[in-house]
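Trainee: Protein sequence lines, in the order shown, are assigned to chains A and B.
Under UniProt numbering, the residue at position 4 of the first sequence is numbered 4, and the numbers go up by one with no gaps.
Under UniProt numbering, the residue at position 75 of the second sequence is numbered 75, and the numbers go up by one with no gaps.
In short, the hints are calculated from the structure, not lab data.
Hints may contain errors.
To be verified - With a straight-line Cα cutoff of 20 Å, these simulated EDC-like cross-link-like pairs (lysine to aspartate or glutamate) come out:
id : chain 1 : residue 1 : chain 2 : residue 2
1  : A       : K303      : B       : E49
2  : B       : K64       : A       : E361
3  : A       : K199      : B       : E49
4  : B       : K64       : A       : E360
Spelled out from the first residue to the last, the chains are:
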Amino acid sequence: MKRVVITGAGTINALAQDVQSTFAAMREGRGGIGPLDIRDVDRLNVKIGAQVKGWHPEEHFSRQQILLYDRYTQFTLHAARQAVAQAGLDFDGHLGYETGVVLGTAGGGLTTQDENYRAVYEEGKNRVHPFVVPKLMNNAAASHLSMEFNIKGPSFTVATACASSNHAMGLAFQMIRSGACRAMLTGGAEAMLCFGGIKAWEGLRVMSTDACRPFSLNRSGMVQGEGAAIYFFEEYEQARRRGAEILAEVIGFAMTSDASDIVMPSKQGAARAIAGALRDAGLNPEDVGYINAHGTGTSANDKTECAAIADVFGPHADRLMISSTKAMHGHAIGGTGAIEMLACLLALREDIIAPTIGYEEPDPECALDVVPNVARQARVPVVLSNAFAFGGMNAVLALRRAP
Amino acid sequence: MGESVKERVIAILAEQAVMDTADIRMEDSLEDLGLDSLGLVESIFAIEEAFDISVPFNANEPGKSQFDISSVAAVIAAVEGLVARKAA
Numbered sequence: 001m002k003r004v005v006i007t008g009a010g011t012i013n014a015l016a017q018d019v020q021s022t023f024a025a026m027r028e029g030r031g032g033i034g035p036l037d038i039r040d041v042d043r044l045n046v047k048i049g050a051q052v053k054g055w056h057p058e059e060h061f062s063r064q065q066i067l068l069y070d071r072y073t074q075f076t077l078h079a080a081r082q083a084v085a086q087a088g089l090d091f092d093g094h095l096g097y098e099t100g101v102v103l104g105t106a107g108g109g110l111t112t113q114d115e116n117y118r119a120v121y122e123e124g125k126n127r128v129h130p131f132v133v134p135k136l137m138n139n140a141a142a143s144h145l146s147m148e149f150n151i152k153g154p155s156f157t158v159a160t161a162c163a164s165s166n167h168a169m170g171l172a173f174q175m176i177r178s179g180a181c182r183a184m185l186t187g188g189a190e191a192m193l194c195f196g197g198i199k200a201w202e203g204l205r206v207m208s209t210d211a212c213r214p215f216s217l218n219r220s221g222m223v224q225g226e227g228a229a230i231y232f233f234e235e236y237e238q239a240r241r242r243g244a245e246i247l248a249e250v251i252g253f254a255m256t257s258d259a260s261d262i263v264m265p266s267k268q269g270a271a272r273a274i275a276g277a278l279r280d281a282g283l284n285p286e287d288v289g290y291i292n293a294h295g296t297g298t299s300a301n302d303k304t305e306c307a308a309i310a311d312v313f314g315p316h317a318d319r320l321m322i323s324s325t326k327a328m329h330g331h332a333i334g335g336t337g338a339i340e341m342l343a344c345l346l347a348l349r350e351d352i353i354a355p356t357i358g359y360e361e362p363d364p365e366c367a368l369d370v371v372p373n374v375a376r377q378a379r380v381p382v383v384l385s386n387a388f389a390f391g392g393m394n395a396v397l398a399l400r401r402a403p
Numbered sequence: 001m002g003e004s005v006k007e008r009v010i011a012i013l014a015e016q017a018v019m020d021t022a023d024i025r026m027e028d029s030l031e032d033l034g035l036d037s038l039g040l041v042e043s044i045f046a047i048e049e050a051f052d053i054s055v056p057f058n059a060n061e062p063g064k065s066q067f068d069i070s071s072v073a074a075v076i077a078a079v080e081g082l083v084a085r086k087a088a
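Construct the complete structure from the given sequences, taking the supplied hints into account.
Mentor: Below is the structure:
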């Protein structure tokens, strides 16, 4: 089996529009949640979100490209350009055939759908722009990445709600490990902060109207975010031979299904995914120093996740650190796992554990070290990244420091 | 206005719980009726639609919501309050 390393990373999210500035925000425990600036916000009960501000597509794309790129595709391309530049490769030769693109998104071009439903239903228009379908489809971003970089190997999009990008990155890892591909562009994106996107979530009554406070006794629900993070995964020997800078090694992945409830999480399903990732990576529980939690800030997720961690790690659960960075960048739904992977890289590369901000009151049902409010200096050899989606679909990745 | 608020709320809860309205007792809790978290959120939505009111309820902190869901009687009283406030 091949070893898999990360040699490029890029992002855009509510904290920043590149990796280093996102690291800086995570180090400082800075939050990106604020008042939503979207059309018809006055008709929403939830008026906050972690919105990408100061984004000017015309600075990055031509007029023709913008006509074809939904906001989620724009985010994906912006992040991918950073990742590919850092990897320092081009795909014009044989590498292009042996490289693929696997991305995660839940809503795909939801902003495009929202705008065009508004045009035909609310405004009564009988004509829409010819590119609505190629703009809104869930594989649009993956297709545009393959076109922009001339990547011709296996390329597709996975949709598992809030676990989408963890599933995508896990599959990319498996494809390189098995030898099916030499490299993969992977990660995920979401741009759901539009009137319809938020109104649908309001219906479930799990959204907070004031703040995201994961693991805190007074937590009041999730806050949506948006953005993308894209990585270049590469077979280790190739990366070593060409002297690439290795950001981290991906060493394990597991996915499970709860098979129980469409919205309520299951401790067993989460625990099986965590334990499966350890097994896949050949790790003992004691090897893990940090877990980037799913940590949505809902009553149900946070206590279930802590119980699952306690089950898998036993006494070591009290010694490891877990944090939810969603309180900073919001819950970016299908793109969230990819954005959260940045906190894992920050831990493995810079020995900084990103905090759980907004934390106010200990919850006896979340009695773990959640790194409250302030980042911590710590050297950890191995980290996990959890994602537990609606529908009971769980995906956990294991990473370690660069070899 | 044939039916009272009480009758309509009971009808909504009975439908969600797949029970006969006659079997619903005022002192029953929603758990007694077998309503899970989705059933509860659905019932609240049905109540909002039926009475054209907005029910303050967050599933993350049911205890803190001003909307008392501790029993069938409490729900009816809370809905009556919201309906009266709307009329005022």
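Trainee: To test your reading of the hints: which numbers does this structure violate?
Mentor: Per hint list: single violation, 1.
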